[in-house]
Amino acid sequence: MTTRRRHLLELASLEAGEITELLDVAESFQDITHRRIKKVPALRGMTVVLLFLEASTRTRTSFELAAKRLSADTLSVSGGTSSVVKGETLVDTARNLAAMSPDIVVLRHRHSGSPHLLARSIDASIVNAGDGGHEHPTQGLLDALTIRRHKGRIEGQRVAIIGDIAHSRVARSNIAALSKLGAEVTVCGPPTMLPQGVEALGCRATSDRDAAIRGADVVMMLRIQKERMTEELFPSDREYALRFGLDRAALGLAKPDVLVMHPGPINRGVELAPDVADGPESVILEQVANGIIVRMAVLYHCAGGAGGDA
Amino acid sequence: MSGARCVMDAADVRRAVRRIALELVERTRGGQDVALVGIRTRGEPLAHRIAAELREVEGLEVPVGALDIAMYRDDVFESGSRVAVGQTRLPFDVNDRHIVLVDDVLFTGRTVRAALDALMDWGRPCRIQLAVLVDRGHRELPIQPDYVGMTLSTRVDESVRVRLAETDAGESDRDTVHLVSTPERVAAAERRRT
Numbered sequence: 009m010t011t012r013r014r015h016l017l018e019l020a021s022l023e024a025g026e027i028t029e030l031l032d033v034a035e036s037f038q039d040i041t042h043r044r045i046k047k048v049p050a051l052r053g054m055t056v057v058l059l060f061l062e063a064s065t066r067t068r069t070s071f072e073l074a075a076k077r078l079s080a081d082t083l084s085v086s087g088g089t090s091s092v093v094k095g096e097t098l099v100d101t102a103r104n105l106a107a108m109s110p111d112i113v114v115l116r117h118r119h120s121g122s123p124h125l126l127a128r129s130i131d132a133s134i135v136n137a138g139d140g141g142h143e144h145p146t147q148g149l150l151d152a153l154t155i156r157r158h159k160g161r162i163e164g165q166r167v168a169i170i171g172d173i174a175h176s177r178v179a180r181s182n183i184a185a186l187s188k189l190g191a192e193v194t195v196c197g198p199p200t201m202l203p204q205g206v207e208a209l210g211c212r213a214t215s216d217r218d219a220a221i222r223g224a225d226v227v228m229m230l231r232i233q234k235e236r237m238t239e240e241l242f243p244s245d246r247e248y249a250l251r252f253g254l255d256r257a258a259l260g261l262a263k264p265d266v267l268v269m270h271p272g273p274i275n276r277g278v279e280l281a282p283d284v285a286d287g288p289e290s291v292i293l294e295q296v297a298n299g300i301i302v303r304m305a306v307l308y309h310c311a312g313g314a315g316g317d318a
Numbered sequence: 007m008s009g010a011r012c013v014m015d016a017a018d019v020r021r022a023v024r025r026i027a028l029e030l031v032e033r034t035r036g037g038q039d040v041a042l043v044g045i046r047t048r049g050e051p052l053a054h055r056i057a058a059e060l061r062e063v064e065g066l067e068v069p070v071g072a073l074d075i076a077m078y079r080d081d082v083f084e085s086g087s088r089v090a091v092g093q094t095r096l097p098f099d100v101n102d103r104h105i106v107l108v109d110d111v112l113f114t115g116r117t118v119r120a121a122l123d124a125l126m127d128w129g130r131p132c133r134i135q136l137a138v139l140v141d142r143g144h145r146e147l148p149i150q151p152d153y154v155g156m157t158l159s160t161r162v163d164e165s166v167r168v169r170l171a172e173t174d175a176g177e178s179d180r181d182t183v184h185l186v187s188t189p190e191r192v193a194a195a196e197r198r199r200t
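From first to last, the protein sequence lines are chains A and B. Going left to right, the first sequence walks through residues 9 to 318 as my numbering numbers them. Going left to right, the second sequence walks through residues 7 to 200 as my numbering numbers them.
Watch out, some of these pointers could steer you wrong.
Quick list of the computed label-pair ranges, beta carbon to beta carbon [as the list claims (entries may be wrong)]:
| hint | chain 1 | residue 1 | chain 2 | residue 2 | range |
| --- | --- | --- | --- | --- | --- |
| 1 | B | 162 | A | 43 | 34 to 40 Å |
| 2 | B | 162 | A | 52 | 25 to 31 Å |
| 3 | B | 144 | A | 96 | 53 to 59 Å |
| 4 | B | 80 | A | 24 | 28 to 34 Å |
| 5 | A | 293 | B | 80 | 32 to 38 Å |
| 6 | A | 265 | B | 157 | 54 to 60 Å |
| 7 | A | 118 | B | 95 | 39 to 45 Å |
| 8 | B | 163 | A | 39 | 32 to 38 Å |
| 9 | A | 87 | B | 69 | 26 to 32 Å |
| 10 | B | 32 | A | 42 | 33 to 39 Å |
| 11 | B | 163 | A | 207 | 56 to 62 Å |
| 12 | B | 61 | A | 81 | 44 to 50 Å |
| 13 | A | 39 | B | 20 | 27 to 33 Å |
Over the 12 Å line for every Cβ pair with chain B, so calculated as not near, a few chain A residues [said to hold, decoys possible]:
| hint | residue |
| --- | --- |
| 14 | 34 |
| 15 | 101 |
| 16 | 106 |
| 17 | 128 |
| 18 | 158 |
| 19 | 209 |
| 20 | 225 |
| 21 | 240 |
| 22 | 246 |
| 23 | 273 |
| 24 | 290 |
| 25 | 297 |
Here are some of the chain A residues that sit facing chain B, going by a computed Cβ distance under 7 Å [what the hints assert, rightly or not]:
| hint | residue |
| --- | --- |
| 26 | 33 |
| 27 | 36 |
| 28 | 39 |
| 29 | 43 |
| 30 | 45 |
| 31 | 50 |
| 32 | 73 |
Calculated directly from the structure, the hints in this document are not laboratory data. Don't be surprised by glycine CBs; every beta carbon is placed ideally from N, CA and C.
Using the sequences and the accompanying hints, generate a full structural model.
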């Protein structure tokens, strides 16, 4: 079998049509999750390596389940157990894995651009499962799918993304996917967390939470990622919650049929009030379920299954 | 059109569908527990037409589903065979049903093999039969149809082109079946490429 060099490195370089196609394929996997045999033979005999060099439970398990539902064999290598801790470089680790001829490598890494480096180094399809503060493309896709399933379309939806925009790969992938599909995206966070020139990505920016939420169809809250911050960017959790957290009162400014989203894990009481996280507007658990079918679509696509050329 | 011979027109297709429906009633003891499952894309409208005949002629209501087999094909990743992935809809319990798979053309049998595997992942039907509009021969697997609209002798390098009003509205608003010879196929492939 010839290896196809199809990768999913970022959403910023995809066309709107390619994103829509991935969402459509994901949609077709929905029925599989509702039957007794939750598996199709499409990737039978293929090997998917899950190379997670940064802590992750839900993304890794989601990819693993996606690969298994397509009948691929999976091999999980995570940061703490690999020889990366013994000082091996990413490319050396990957070359060693490449010697086992994987068809797809799913990479999570703390440095931006590592999936691109890997794509140039080894002869397998690379799927970016989050690279530093750059992108988390499958999260962007699953969020787009969640919005589309509830609202019927993404075009014209007003989406507020609130939190640490500067450190968030989730924000970047969402801005890319949603703006390409015609949504009006507003990002919001403390000035210390709003990168200069973020508007160039195709969104509006504000530090006024209420202005961002007013009239929104979707409010997407980001996790405060203390592990990614090198300095204090806000005085205290309590102050952050007051000015940028989402509570019932703030949510009242949005449209009545607003969706509340969060990529997880939630810092309850910081960016999201518990009653909002568990409220009727919350689609957080649907996001998790949609993550599996979106990742199935991505793996199927990268294996060469639908659309485009090798 | 040179190189393409019309082998069925709209009236032929209608008669074939009606005959399949009548045979189906005879051979399923009045259509008990029967469900029709069309293999996407052109099997789906044919399944609906058979169901409409059963309703009209026998007053029989038979559930209809659609099966997408992209994930079950044995050539998914071979070059030039990219298949669009579609939705499977089976609005009934497959277990203990008498399923009649419906497709437009039966050729190598590989599509039906994939459909059988797909169907089994949904449950355990008590029986599966196969209805096709055209059986053109050249099987590569031990699969035979139970209901056939037309048996057509073909050369392996010819192709059978079915156009149905439901699925091919842009191209033809009437049902037709053409036997297309090789030069025409090559020319059509050339046109698609450019």
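Now the hints, each set against the structure:
no.: 1; hint: B:162 / A:43: 34 to 40 Å; verdict: holds (37 Å)
no.: 2; hint: B:162 / A:52: 25 to 31 Å; verdict: holds (28 Å)
no.: 3; hint: B:144 / A:96: 53 to 59 Å; verdict: holds (54 Å)
no.: 4; hint: B:80 / A:24: 28 to 34 Å; verdict: holds (33 Å)
no.: 5; hint: A:293 / B:80: 32 to 38 Å; verdict: holds (37 Å)
no.: 6; hint: A:265 / B:157: 54 to 60 Å; verdict: holds (56 Å)
no.: 7; hint: A:118 / B:95: 39 to 45 Å; verdict: holds (43 Å)
no.: 8; hint: B:163 / A:39: 32 to 38 Å; verdict: holds (37 Å)
no.: 9; hint: A:87 / B:69: 26 to 32 Å; verdict: violated (51 Å)
no.: 10; hint: B:32 / A:42: 33 to 39 Å; verdict: holds (35 Å)
no.: 11; hint: B:163 / A:207: 56 to 62 Å; verdict: holds (59 Å)
no.: 12; hint: B:61 / A:81: 44 to 50 Å; verdict: holds (47 Å)
no.: 13; hint: A:39 / B:20: 27 to 33 Å; verdict: holds (32 Å)
no.: 14; hint: 34; verdict: violated (9 Å)
no.: 15; hint: 101; verdict: holds (27 Å)
no.: 16; hint: 106; verdict: holds (19 Å)
no.: 17; hint: 128; verdict: holds (23 Å)
no.: 18; hint: 158; verdict: holds (18 Å)
no.: 19; hint: 209; verdict: holds (30 Å)
no.: 20; hint: 225; verdict: holds (26 Å)
no.: 21; hint: 240; verdict: holds (48 Å)
no.: 22; hint: 246; verdict: holds (48 Å)
no.: 23; hint: 273; verdict: holds (32 Å)
no.: 24; hint: 290; verdict: holds (27 Å)
no.: 25; hint: 297; verdict: holds (17 Å)
no.: 26; hint: 33; verdict: holds (5 Å)
no.: 27; hint: 36; verdict: holds (5 Å)
no.: 28; hint: 39; verdict: holds (5 Å)
no.: 29; hint: 43; verdict: holds (6 Å)
no.: 30; hint: 45; verdict: holds (4 Å)
no.: 31; hint: 50; verdict: holds (4 Å)
no.: 32; hint: 73; verdict: violated (16 Å)
The structure does not agree with the numbered hints 9, 14, 32 stated previously, though it agrees with the rest.
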